[in-house]
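A.B. asks: Listed here are the chains, written in short residue letters.
Protein chains: 6
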Amino acid sequence: MATVRLWTDDEAEKDPAVKAVFDDIRRVRGSDFINNFWRALANDAASLKHTWESLKAIMGGEGALDPLTRELIYIAVSAANGCSYCIHSHTAAAKQKGMTDAQHMHLLAIVGMASETNALVTAMQVPVDREFLVGE
Amino acid sequence: MATVRLWTDDEAEKDPAVKAVFDDIRRVRGSDFINNFWRALANDAASLKHTWESLKAIMGGEGALDPLTRELIYIAVSAANGCSYCIHSHTAAAKQKGMTDAQHMHLLAIVGMASETNALVTAMQVPVDREFLVGE
Amino acid sequence: MATVRLWTDDEAEKDPAVKAVFDDIRRVRGSDFINNFWRALANDAASLKHTWESLKAIMGGEGALDPLTRELIYIAVSAANGCSYCIHSHTAAAKQKGMTDAQHMHLLAIVGMASETNALVTAMQVPVDREFLVGE
Amino acid sequence: MATVRLWTDDEAEKDPAVKAVFDDIRRVRGSDFINNFWRALANDAASLKHTWESLKAIMGGEGALDPLTRELIYIAVSAANGCSYCIHSHTAAAKQKGMTDAQHMHLLAIVGMASETNALVTAMQVPVDREFLVGE
Amino acid sequence: MATVRLWTDDEAEKDPAVKAVFDDIRRVRGSDFINNFWRALANDAASLKHTWESLKAIMGGEGALDPLTRELIYIAVSAANGCSYCIHSHTAAAKQKGMTDAQHMHLLAIVGMASETNALVTAMQVPVDREFLVGE
Amino acid sequence: MATVRLWTDDEAEKDPAVKAVFDDIRRVRGSDFINNFWRALANDAASLKHTWESLKAIMGGEGALDPLTRELIYIAVSAANGCSYCIHSHTAAAKQKGMTDAQHMHLLAIVGMASETNALVTAMQVPVDREFLVGE
Numbered sequence: 001m002a003t004v005r006l007w008t009d010d011e012a013e014k015d016p017a018v019k020a021v022f023d024d025i026r027r028v029r030g031s032d033f034i035n036n037f038w039r040a041l042a043n044d045a046a047s048l049k050h051t052w053e054s055l056k057a058i059m060g061g062e063g064a065l066d067p068l069t070r071e072l073i074y075i076a077v078s079a080a081n082g083c084s085y086c087i088h089s090h091t092a093a094a095k096q097k098g099m100t101d102a103q104h105m106h107l108l109a110i111v112g113m114a115s116e117t118n119a120l121v122t123a124m125q126v127p128v129d130r131e132f133l134v135g136e
Numbered sequence: 137m138a139t140v141r142l143w144t145d146d147e148a149e150k151d152p153a154v155k156a157v158f159d160d161i162r163r164v165r166g167s168d169f170i171n172n173f174w175r176a177l178a179n180d181a182a183s184l185k186h187t188w189e190s191l192k193a194i195m196g197g198e199g200a201l202d203p204l205t206r207e208l209i210y211i212a213v214s215a216a217n218g219c220s221y222c223i224h225s226h227t228a229a230a231k232q233k234g235m236t237d238a239q240h241m242h243l244l245a246i247v248g249m250a251s252e253t254n255a256l257v258t259a260m261q262v263p264v265d266r267e268f269l270v271g272e
Numbered sequence: 273m274a275t276v277r278l279w280t281d282d283e284a285e286k287d288p289a290v291k292a293v294f295d296d297i298r299r300v301r302g303s304d305f306i307n308n309f310w311r312a313l314a315n316d317a318a319s320l321k322h323t324w325e326s327l328k329a330i331m332g333g334e335g336a337l338d339p340l341t342r343e344l345i346y347i348a349v350s351a352a353n354g355c356s357y358c359i360h361s362h363t364a365a366a367k368q369k370g371m372t373d374a375q376h377m378h379l380l381a382i383v384g385m386a387s388e389t390n391a392l393v394t395a396m397q398v399p400v401d402r403e404f405l406v407g408e
Numbered sequence: 409m410a411t412v413r414l415w416t417d418d419e420a421e422k423d424p425a426v427k428a429v430f431d432d433i434r435r436v437r438g439s440d441f442i443n444n445f446w447r448a449l450a451n452d453a454a455s456l457k458h459t460w461e462s463l464k465a466i467m468g469g470e471g472a473l474d475p476l477t478r479e480l481i482y483i484a485v486s487a488a489n490g491c492s493y494c495i496h497s498h499t500a501a502a503k504q505k506g507m508t509d510a511q512h513m514h515l516l517a518i519v520g521m522a523s524e525t526n527a528l529v530t531a532m533q534v535p536v537d538r539e540f541l542v543g544e
Numbered sequence: 545m546a547t548v549r550l551w552t553d554d555e556a557e558k559d560p561a562v563k564a565v566f567d568d569i570r571r572v573r574g575s576d577f578i579n580n581f582w583r584a585l586a587n588d589a590a591s592l593k594h595t596w597e598s599l600k601a602i603m604g605g606e607g608a609l610d611p612l613t614r615e616l617i618y619i620a621v622s623a624a625n626g627c628s629y630c631i632h633s634h635t636a637a638a639k640q641k642g643m644t645d646a647q648h649m650h651l652l653a654i655v656g657m658a659s660e661t662n663a664l665v666t667a668m669q670v671p672v673d674r675e676f677l678v679g680e
Numbered sequence: 681m682a683t684v685r686l687w688t689d690d691e692a693e694k695d696p697a698v699k700a701v702f703d704d705i706r707r708v709r710g711s712d713f714i715n716n717f718w719r720a721l722a723n724d725a726a727s728l729k730h731t732w733e734s735l736k737a738i739m740g741g742e743g744a745l746d747p748l749t750r751e752l753i754y755i756a757v758s759a760a761n762g763c764s765y766c767i768h769s770h771t772a773a774a775k776q777k778g779m780t781d782a783q784h785m786h787l788l789a790i791v792g793m794a795s796e797t798n799a800l801v802t803a804m805q806v807p808v809d810r811e812f813l814v815g816e
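Residue numbers (our numbering), protein chains in the order written: chain U, 1 to 136; chain R, 137 to 272; chain X, 273 to 408; chain P, 409 to 544; chain B, 545 to 680; chain D, 681 to 816.
Hints are not guaranteed to be accurate.
Simulated crosslink set (DSSO-like; lysine-lysine; CA at most 30 Å straight-line) [claimed, not checked]:
(1) X:Lys-369 x X:Lys-321
(2) U:Lys-19 x P:Lys-464
(3) B:Lys-639 x U:Lys-95
(4) R:Lys-231 x P:Lys-427
(5) U:Lys-97 x R:Lys-192
(6) B:Lys-639 x X:Lys-321
(7) U:Lys-95 x B:Lys-558
(8) P:Lys-457 x X:Lys-367
(9) X:Lys-367 x U:Lys-14
(10) B:Lys-600 x R:Lys-150
(11) R:Lys-150 x B:Lys-641
(12) R:Lys-231 x P:Lys-457
(13) B:Lys-558 x R:Lys-192
(14) U:Lys-56 x U:Lys-95
(15) P:Lys-464 x U:Lys-14
(16) X:Lys-328 x D:Lys-699
(17) D:Lys-777 x B:Lys-600
(18) R:Lys-185 x U:Lys-95
(19) P:Lys-503 x U:Lys-56
(20) B:Lys-639 x B:Lys-593
(21) R:Lys-233 x R:Lys-192
(22) R:Lys-231 x R:Lys-192
(23) B:Lys-641 x D:Lys-775
(24) B:Lys-563 x U:Lys-95
(25) U:Lys-49 x P:Lys-457
(26) B:Lys-639 x D:Lys-699
(27) B:Lys-641 x B:Lys-600
(28) D:Lys-736 x X:Lys-321
(29) X:Lys-286 x B:Lys-639
(30) P:Lys-464 x X:Lys-369
(31) D:Lys-777 x B:Lys-641
(32) D:Lys-729 x P:Lys-503
(33) D:Lys-736 x B:Lys-639
(34) U:Lys-56 x P:Lys-464
(35) B:Lys-593 x R:Lys-233
(36) D:Lys-736 x X:Lys-286
(37) U:Lys-95 x R:Lys-231
(38) U:Lys-56 x P:Lys-457
Just so you know, the hints here were simulated from the structure itself, not pulled from any lab data.
Let the sequences and hints guide you as you build the complete structure.
C.D. replies: Set out below in structure tokens:
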């Protein structure tokens, strides 16, 4: 259960600032579904708007990385940060953007491998090679 | 400074198990350079071999994701886990595999954005929407 | 489900060391309610006493920070560490100490923002400015 | 050393989007000093602007929490996330906003205490008390 | 609910690569029980085999540390990383290998204490003493 | 550089509360060396005393786990939490208590392996098997 109230559609209808963001989410996604993250953030209209605008720009707008790659990175970070909700929502988003099972399992193998070497490097306190710093 | 000894090439030459891995790293990479991570892991020949074989398979072998995407994911996990060495080494690897500055900055924006929403979701303890669980 | 047994009041009554701490918790809080954290810690009477004494001193005693600010900091750390139980219990405690919804949402915005810049800084490996070290 | 280039003032002068943010940072802070975080983010003008606008609103604008409390929370999150740069920069900011040594040490005691109980709770997998969920 | 399918025994029977690992798990453990982790990893036969072979060598094979100590370390890391499943499965494994309640509670006290001093050290950015680096 | 002042011996001599702890550290360890962690904590005499008493009881007193095993667990947690100082100081302590190179490398292999499976489990959101909960 959340530590904040999850806004219903009825409540959102009565608050113009929240309604504007909910409407835009529906428009952009072409779906009536508003997931719980936004219903929780609705308690702070400024944060709701700010987060949605950022997400729209970074995950949905034009950019140097294609939409699926963006989702794979999002899942990887969410897994490393242990955010169960985010892993679920962005795995669903990645599947919608065409992630195959083989890509999903490859992603997981990299997340596991990186976490292993991250831990080994940290536990051994390996100094950064000069070669990695050249030209900076 | 590392909490374990970093093996020199001379030491590696005298230990057949370590030498075999160092030789394979050089062969696969087409370069004489062995970075400190492997020189540290050389203290445990079994772990050295196991880690190198895994890395070769997951990061270098055939797979559902292209080589650059794999490095982007590796950087993302390393950043979320706060591994300075790994961020440096895999950012260098990603650049070698063609990562542009624009791709690098887009990656960073996603890592930042995901970390923000991960924290918000966790602090609000948002329950997973039933829609994300459909079909599982 | 916990990986240790949660002590009932009946069990606590029979162990003087545990009973003494449970009694003090009830006295200090002016409530009969003992939450699960203490019932779990009761499996190690020394740890139970030590943790309660620390919490009483740091969160409840006199100090440079007011009681509500202390709870806000506790929630922030618990969110960053991903401790669901702690987020719930300290959000409840903060509300009891007067946290308004607006303060709660402002806290969450800071937790999100800090997590984003933490990740960006780490991923970019930004060196600490000399100005921040002056005089230390 | 950073994994991205740190922009000099000369470079910033030549890029209107970066210059606009650097100018605003100087104006708001009433100081010529631009710290490395912004010089690193300058590689992505959109991210630079977005992050600065967010920080200005959340840390500097009107809000339910006073400016010093905001910095204490920022330090707490940065410590939990292990961001050395952020700990340094926000400890400096908190001192500028009047944080006393006693407040600093109290903050640290809470960060330590919370991290201890977070770990204990997680290791014992303590279930959330129903009492903490009432009314949600 | 998992983000990947959990393989049933029937499905495993039909895939020789998965069946070979499941058979080996049953043989080594002397039990018919296959826990969900392996049923999830079965979606990637290479990862399944690789992870099982590693686990068998590091946790079950000969080595410098006794089997129970290995499990205690595994629990400690899993708690620090916040992996609920891993805490449950390795606490069960430790109990099977003879962990007493007193050892369990001592382990938890160390995990809590270490997390507290880790946080304090990080928040204070304590420089490493030269004495700890001597001889490296 | 630390964000707090590191107390010199001269300063400690003039503060009875700090001096008492420094004297006890020297007595217990049979050495004149006081490492930086305690010199930093000296800024808060109550926290200094509390932390030292806890450490003495948990790491040095009688207990269900032997002294070396305690240090191995401490290193494991410190690595997972990414505390460079703590990894250095407790690796040094473990060596003093007899940790061999083979034990050290086995510890590191477990820390790496656990971090890998922690990440895999989290990314796949594997549900806890009923069997692990039996009897709780």
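A.B. asks: Hint by hint, say whether it matches the structure.
C.D. replies: Here is how each hint holds up against the structure:
1. X:Lys-369 x X:Lys-321: Measuring from Cα to Cα gives roughly 24 Å; hence the hint holds.
2. U:Lys-19 x P:Lys-464: holds, 25 Å
3. B:Lys-639 x U:Lys-95: violated, 39 Å
4. R:Lys-231 x P:Lys-427: holds, 27 Å
5. U:Lys-97 x R:Lys-192: holds, 28 Å
6. B:Lys-639 x X:Lys-321: holds, 25 Å
7. U:Lys-95 x B:Lys-558: Holds, at roughly 26 Å.
8. P:Lys-457 x X:Lys-367: violated, 35 Å
9. X:Lys-367 x U:Lys-14: With Cα atoms ~26 Å apart, Lys-367 of chain X and Lys-14 of chain U stay inside 30 Å; holds.
10. B:Lys-600 x R:Lys-150: holds, 29 Å
11. R:Lys-150 x B:Lys-641: Distance of about 39 Å is beyond 30 Å: violated.
12. R:Lys-231 x P:Lys-457: holds, 25 Å
13. B:Lys-558 x R:Lys-192: Measuring from Cα to Cα gives roughly 29 Å; hence the hint holds.
14. U:Lys-56 x U:Lys-95: The hint holds at about 18 Å.
15. P:Lys-464 x U:Lys-14: Holds, because 29 Å separates the two Cα atoms, which is no more than 30 Å.
16. X:Lys-328 x D:Lys-699: The given pair, whose Cα atoms are some 25 Å apart, holds under the 30 Å limit.
17. D:Lys-777 x B:Lys-600: holds, 28 Å
18. R:Lys-185 x U:Lys-95: violated, 35 Å
19. P:Lys-503 x U:Lys-56: Roughly 36 Å separates the two Cα atoms, so the pair is violated.
20. B:Lys-639 x B:Lys-593: Holds, because 26 Å separates the two Cα atoms, which is no more than 30 Å.
21. R:Lys-233 x R:Lys-192: OK: Lys-233 of chain R and Lys-192 of chain R at ~15 Å, within 30 Å.
22. R:Lys-231 x R:Lys-192: Distance ~18 Å between Lys-231 of chain R and Lys-192 of chain R Cα, so the pair holds.
23. B:Lys-641 x D:Lys-775: holds, 26 Å
24. B:Lys-563 x U:Lys-95: The hint holds at about 28 Å.
25. U:Lys-49 x P:Lys-457: Distance ~16 Å between Lys-49 of chain U and Lys-457 of chain P Cα, so the pair holds.
26. B:Lys-639 x D:Lys-699: violated, 43 Å
27. B:Lys-641 x B:Lys-600: Between Lys-641 of chain B and Lys-600 of chain B the Cα gap is close to 15 Å, so the pair holds against 30 Å.
28. D:Lys-736 x X:Lys-321: holds, 16 Å
29. X:Lys-286 x B:Lys-639: holds, 26 Å
30. P:Lys-464 x X:Lys-369: holds, 28 Å
31. D:Lys-777 x B:Lys-641: Since the Cα atoms of Lys-777 of chain D and Lys-641 of chain B sit roughly 24 Å apart, the hinted pair holds (cutoff 30 Å).
32. D:Lys-729 x P:Lys-503: holds, 25 Å
33. D:Lys-736 x B:Lys-639: Judged against 30 Å, a Cα distance of about 27 Å means the pair holds.
34. U:Lys-56 x P:Lys-464: With Cα atoms ~21 Å apart, Lys-56 of chain U and Lys-464 of chain P stay inside 30 Å; holds.
35. B:Lys-593 x R:Lys-233: Within the cut-off at roughly 29 Å; holds.
36. D:Lys-736 x X:Lys-286: The hint holds at about 29 Å.
37. U:Lys-95 x R:Lys-231: Answer holds: Lys-95 of chain U to Lys-231 of chain R is near 28 Å, not above 30 Å.
38. U:Lys-56 x P:Lys-457: Cα-Cα ~16 Å, so holds.
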